[in-house]
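Asks: The chain contents come next:
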Amino acid sequence: MIASLPRSVWLRTATGAYVAAFLIFLFLPLAVVAVFAFNDAPYPAPPWRGFTLDWFTGNAASGRVGLFHDAALLGSIWTSVVVASWVTALSVAVGTANAFLMERYRFLGKEALSVLMLAPLVIPGVILGISILSLSSRIADLLLALFDVDVDFLRPGLPLVVLGQFSYIATISTLMISARLQRFDRTLEEAALNLGASQAAVLRTITFPYLRPALIGSAAISFLMSFENFNTTLMLVGADPPLTVMMYGRMREGATPVLNAVSLFLMLASALFALTLMRGRSRGGEPPRPAP
Amino acid sequence: MGNTPEQRLWQRRLVLTLLLAPALLWLFALIVLPHVDLALLSFRERSAPRHYQPSLTQYRTFFTEPLYWHIFVRTALLSALATALTLLIAFPIAWVITKVAQGRTSAFLFIVCLIPFWVSETVRALGWLILLRESGVLPALLVKLGITAVPVELLYHDATILTGLVYTSLLFMVVPLVSSLESLDNSLIEAAYDLGANGWAILRDIVIPHAAPGITAGCIVVFMLTLGNYLTPNLLGGKNSQWFTELIYTQFIVRFNWEQGAAFGFLLLALSTAMVALGLRLSGQRFVDVMRRS
Chain V
1 MIASLPRSVW
11 LRTATGAYVA
21 AFLIFLFLPL
31 AVVAVFAFND
41 APYPAPPWRG
51 FTLDWFTGNA
61 ASGRVGLFHD
71 AALLGSIWTS
81 VVVASWVTAL
91 SVAVGTANAF
101 LMERYRFLGK
111 EALSVLMLAP
121 LVIPGVILGI
131 SILSLSSRIA
141 DLLLALFDVD
151 VDFLRPGLPL
161 VVLGQFSYIA
171 TISTLMISAR
181 LQRFDRTLEE
191 AALNLGASQA
201 AVLRTITFPY
211 LRPALIGSAA
221 ISFLMSFENF
231 NTTLMLVGAD
241 PPLTVMMYGR
251 MREGATPVLN
261 AVSLFLMLAS
271 ALFALTLMRG
281 RSRGGEPPRP
291 AP
Chain B
1 MGNTPEQRLW
11 QRRLVLTLLL
21 APALLWLFAL
31 IVLPHVDLAL
41 LSFRERSAPR
51 HYQPSLTQYR
61 TFFTEPLYWH
71 IFVRTALLSA
81 LATALTLLIA
91 FPIAWVITKV
101 AQGRTSAFLF
111 IVCLIPFWVS
121 ETVRALGWLI
131 LLRESGVLPA
141 LLVKLGITAV
151 PVELLYHDAT
161 ILTGLVYTSL
171 LFMVVPLVSS
181 LESLDNSLIE
191 AAYDLGANGW
201 AILRDIVIPH
211 AAPGITAGCI
221 VVFMLTLGNY
231 LTPNLLGGKN
241 SQWFTELIYT
251 QFIVRFNWEQ
261 GAAFGFLLLA
271 LSTAMVALGL
281 RLSGQRFVDV
291 MRRS
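Chains V and B are the protein sequences, given in the same order. According to my numbering, the first sequence is numbered sequentially starting from 1. According to my numbering, the second sequence is numbered sequentially starting from 1.
These are computed hints drawn from the structure, not numbers from a lab. All C-beta atoms, glycine included, are put in the ideal place defined by N, C-alpha and C. Do not rely on the hints blindly, as some may be mistaken.
As the list claims (entries may be wrong) - Just the calculated beta-carbon pair ranges, DEER-fashion:
1) F184(V) to E153(B): 54 to 62 Å
2) D148(V) to L56(B): 17 to 25 Å
3) R204(B) to A21(V): 38 to 46 Å
4) V73(B) to F184(V): 42 to 50 Å
5) R12(B) to I139(V): 31 to 39 Å
6) R204(B) to F107(V): 18 to 26 Å
To be verified - Not close to chain V: a few residues of chain B, all C-beta gaps over 10 Å, as computed:
7) G196
8) I208
9) N229
Stated by the list, open to error - Simulated coverage check for chain B against chain V, where a stretch passes if three residues somewhere in it have a Cβ under 8 Å from a Cβ of chain V:
10) 74 to 86
11) 275 to 283
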């Protein structure tokens, strides 16, 4: 029942209990990950054996390799950052072009194109991955047969990972930037043009400043979604895995609490990210939406 | 800059072309052509080394090999079940956020519900592993409370997979539900109440019809993401998970039988698309609107 209607004590208690149970369900997995990053034991499991920072600062000499000395793990974080930067740059650039295309122009086949632009959202990530893998391999094989050259970036590896992630993240940036451009008051541009501003000056001083929150918001979301992507990445990854694939591999082998340590950092980074974006929203940006 | 109308038209065409280029390149090079290629791949078989001929063998194998279609059906059913559970769990929360809690509490609750989903799915899966495995937190707690004599393995059951999938999907249900319930006018509920309707009647005749678009959007997205999930069933279900995406991975990456993997991929895509289409038809909505909403 809604707040303005009388509710029995029983109903109030039940509602409170449900919300509490729901919040415990949401936060329990994250809480244990954080807590066991500090457990003085070789595996992230109970019982509690005392507090330690070994899983952050330990090195080979101390017998426990902590996060700050785990070269493979740090390397995979860097790989993720590089991939996410590329994906972000591509997605925001293409998303901006798409937003202007769909909001400002009429052309043959526009309706079909707008449906096609949404298609990546309903294609499972695994299938995006294998389809790009199969096409790029076919092209690579063809080039090898015709010209006897082996084109490295068409084989599984980071360039394909970037393309695979970009293929659906571009849809999200397009939607976010379009939504803001749609609400833009075009009389502002017309006024500037009437006052003698050039097209380029109008774009630079009026349209882009207005779009800024959406550009920043979509860049942040693109970066986060790329950083956290797993399904598409797994199919296209080569010799150097990004963080999620690296963590997955270690979790299957039976991980040490160093994974908890890196997870704790991810949580803090995500929280910081979310807070920044939400502050941005209250100043008129697009609402932030986490990644699938 | 364009001075005559002709110049201006020409300039506009040029800009249109420049804006169309990246969109077409993206959609054709990374979406359309790869899928055409995947389709071609799935409709051929190897007759001799480096020799291929068109055939339906890959699809025939799927239907004649019980293991394959059993896993397919199992994945579909468990995904549907996970979607239903997600809806049941998320609806009361969306209701509390929009109709019971007021002002700041409501906003706070909504943000708190979103926070876990900013964290990578890998981290969340790690959390469930630590909680549920035989040497984990919950089995130890059960022993301490005297419910079980020895630690029990809580991983690798269907219920475990469902828990993980529901957990991962909650956000994609809560957000569309909240936005559709927000627009429901409270006075409608008050009027119904004053006229003597009970809670159940209000839910059935007023709330659910109004929230239908949000419910559909949430269900479509959750079903699709669950069906295509690999990480959660794989880590929480172990060898028992038998998730269809794992078959695709095995054929492609482990066995290097791309033809078979491509066929599996298309079957998964067909199922996913069919369910999206069905959901849209049942609720009479347009694809574009649903995707924008969610």
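Asks: Please go over all the hints and tell whether each is borne out by the structure.
Replies: Taking the hints in turn, this is what the structure says about them:
no., hint, verdict
1, F184(V) to E153(B): 54 to 62 Å, "57 Å, holds"
2, D148(V) to L56(B): 17 to 25 Å, "35 Å, violated"
3, R204(B) to A21(V): 38 to 46 Å, "25 Å, violated"
4, V73(B) to F184(V): 42 to 50 Å, "49 Å, holds"
5, R12(B) to I139(V): 31 to 39 Å, "35 Å, holds"
6, R204(B) to F107(V): 18 to 26 Å, "46 Å, violated"
7, G196, "13 Å, holds"
8, I208, "15 Å, holds"
9, N229, "7 Å, violated"
10, 74 to 86, "violated (count 0)"
11, 275 to 283, "violated (count 1)"
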